[in-house]
Amino acid sequence: MALVAIRWIENWLTNRKQRVCVNGLQSSWQNVLSGVPQGSVLGPVLFLIFINDLDSVIVNHVLKFADDTKDFGSINHADDSIKLQEDLNKLFNWSQDWQMKFNVDKCKVMHLGRKNLHIHIT
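Those letters in the sequence shown? Residues 1427 to 1548, per our numbering, in order.
Do not rely on the hints blindly, as some may be mistaken.
[What the hints assert, rightly or not] Restraint-style ranges between C-beta atoms, simulated for each label pair:
#1 VAL1430 / LYS1527: 18 to 24 Å
#2 GLN1464 / ASN1502: 27 to 33 Å
#3 LYS1509 / ALA1428: 47 to 53 Å
[Unchecked claim] Computed cross-link-like contacts, DSSO-like style, restricted to lysine-lysine with a CA-CA straight-line distance of at most 30 Å:
#4 LYS1527 / LYS1496
#5 LYS1516 / LYS1490
#6 LYS1496 / LYS1532
#7 LYS1509 / LYS1541
#8 LYS1496 / LYS1443
#9 LYS1516 / LYS1496
#10 LYS1541 / LYS1516
#11 LYS1509 / LYS1496
Worth flagging that the hints you see were computed from the coordinates, not collected in a lab. Beta carbons are placed, not taken as given, at the ideal position from N, Cα and C, and that holds for glycine.
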């Protein structure tokens, strides 16, 4: 049964074409080499399968919701900030390996707590 589902998904994603229509003008049809049709029912499920291993090597906590990812942890010592930075580096490397780059403009660091060390994270 699983093999049938895999073949069905493969057929659904293979040999797709798309074009752009703007103000009544249409581009020529182009082959779609990657991605999932936008608005499809299977799109979110396939996306979750694709990013399933994203947090497999992360030391701190990771929350994933749709296409948002949060990496967080308590920083009580300099070593904790090093671990968090290593996690961010691993996430970045994963994104490069799988050609799923994070939107750096949307990435933020939030410092919480009265005894916050305000350690610089990049």
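Looking back at the numbered hints, which does the structure fail to meet, lowest number first?
Violated: hints 1, 2, 3 and 8.
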